[in-house]
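Asker: Guided by the hints, dock chain R onto chain L, whose structure is given.
Chains L and R, in that order, give the protein sequences.
Each residue of the first sequence is one higher than the last, beginning at 141 in the working numbering.
Each residue of the second sequence is one higher than the last, beginning at 1179 in the working numbering.
Source of the hints: derived by calculation from the structure; they are not laboratory data.
Values in this document were obtained by computation on a predicted structure and should not be read as measured data.
There could be a bad hint or two in this list.
[What the hints assert, rightly or not] For lysine-lysine, the following PhoX-like pairs were computed, each having C-alpha atoms within a straight-line distance of at most 25 Å: (1) L:Lys196 / R:Lys1500; (2) L:Lys196 / L:Lys219; (3) R:Lys1426 / R:Lys1348; (4) R:Lys1661 / R:Lys1437; (5) R:Lys1235 / R:Lys1348; (6) L:Lys196 / R:Lys1244; (7) L:Lys196 / R:Lys1361; (8) L:Lys196 / R:Lys1494; (9) R:Lys1299 / L:Lys196.
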Amino acid sequence: MVSKKLTLTNAQGFHMRPAMTFTNEMVKYPCSVTIISNGTETDGKSLMNIIAACIKCGMEIEVRCDGEKEEEALAAAVKLIESGFGE
Amino acid sequence: MLKGIGVSKGYGIGRVVIANETQISYVSKKDCNPEKEHERFISALDAFFKRNQELAKKLSETVGEKEAEIINGHIMMMRDPYMSSEIEKNIADGICAEDAFARVCDTFIAMFSSVDDEMTKQRAVDVKDIKTEILGILTGTEILDLSRIEKGSVLVAKELTPSMTACINKDNVVALVTEIGSKTSHAAILARAMEIPAVLSVVGATDELKNGDVIVVNGITGEIITSPTNEQTAFYLQKRLEYISERKALSRFIGLESKTSDGIKVDLYGNIGTPEDAERVLEYDGEGIGLFRTEFLFMDRTSAPGENEQFEAYKKALLIMKGKQVIIRTLDIGGDKDIPYMGMKKEENPFLGFRAIRYCLKNKDIFTTQLRALIRASNYGNLSIMIPLITGVDELREAKGMIKDIMDEFRANDIPFDENLKIGVMIETPAAVIMADVLAKEADFFSIGTNDLTGYTLAVDRGNADVEYLYSSYSPSVLRSIKHVITEAKKAGIPVGMCGEGAADPMLIPLLISFGLDEFSVSATSILSTRKELSRWSKSEADEAAERVMSLDTERKISQELCKITSE
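This is chain L alone, in the form it adopts within the complex (with noise of 0.2 Å):
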């Protein structure tokens, strides 16, 4: 299992736009990806989980990924994240 603590910087924060683009991207991974915010898990692979987790701007958020590919999987998030999902 690897993770990494990161703060989302993007002004929309994981809303529709950016959630579509992480899930996206991380379903290509076999292994699991979990958000966790304010100490609550979320599925990352789950676009509806991660609106309903409503995880904005500012806040800190760490990424744990576990099983086939984690470290490919965990370093796709940390650049998709920190790159503002491209917006």
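Answerer: For chain R alone, kept in the frame of chain L given last:
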């Protein structure tokens, strides 16, 4: 007459077509064959994907990428692996496909609706929309096909779902009217993108209006004329034509630089009253915000807003503007506006009384809260602070001192903020005009507020019918004041803008170009017309016009001359 919120501008005259909500009924069954139900669900899903992929493609070709994204979002939601596994679990339990699917949708609708966040709440509308569509496919219910309605129709509905709106053929629908919706709902966004006039939030529209009624929809005022006379119909048809041709002419100016015909570049900004208005400014291609009035935060409530609430509002505007300059004016409230919790007394002469910076410097707790929120927000974009109703440099110094103290404290506590935060002065009193050279040494920028400056310079109360005739920004005294302020700002090397109605006035624009105004800040809807006016003049033509006008000695001669010059 009916009234709602005009969310997409223009005039629509046509026959009412009422789009009723599709009623879907099915019997929920509990002892189904899971395999059969699984197959039914998968084939419904396939049909849903196929239909929406086509729709998204059509939208991106005819309306725009951004609008197609709403439909792509629906596709992505149904591709959510968690969602499908929950549905499959229900099906495995013997629940029929309709119920298995509807239950999962309802969970998410409840979840999204309960979050205290407008954007998340909007997603509940998306799930409802998907639910109706897929249940329609499963039950074989025919869903009203909006792409087939006749030419010249005004579409009237309780609520327009994104998928309904996306199906609309913009050549056939002349206007939209709904009972539910706001400026930010999908229907409003799509209506604006398709340039269909729309009035939402019209109470009782589907009861009051009948299929086939001819109505006039005014997307600007939000008014709906239910049985127009022939004269009214003719009048609005004419207005519609004028509006369309004007907009066509203006849309050419989107994406162009704001400059004179000989290439002198100026900044063209928008004025806003709430953070959300910033989106409108961007829609009209504004290059920044020249005046963000913060009064809205303080009105219609029982106590002053706290630091965090204000911080969030300012931050929101900055994030929307993505690094473009946002000039936020500190609280400009006074005796004429009754805000009970602020403890202001009724005054004999409110405009000459206890208002704006005068109130703030006497109520330092309220002012400090606002300044702290502003300085914290400066970390999220390009924020500038503007102080209203300055009459002398001491007021500016006192405000700057308070700002410096807050910054020192933030620095000591590692609270991030923009070290280059600019502090400017709103020039709207004759005292500030006369002291412009002194103020320019200590202010980072000037912004001229023409409305109050005109009133104070001419000593006229605009609301008094007996003296109102004197109120004119074309008065030589006002024009000389404006010219003086711009000249002094130039001498000191600070930028100078204008955020009153004057900046969008075609008659004043040549003079402002000649005087050397750096920044024009106008209402969102005037941005493109101002850009067009700016492009009509070269510096030498503007100088010539200014020379002629500034040599005249009365308001009457000046306004006549300006009329003549600008219509040439």
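Asker: Output the indices of the hints that this structure fails to meet, ascending.
Answerer: Violated: none.
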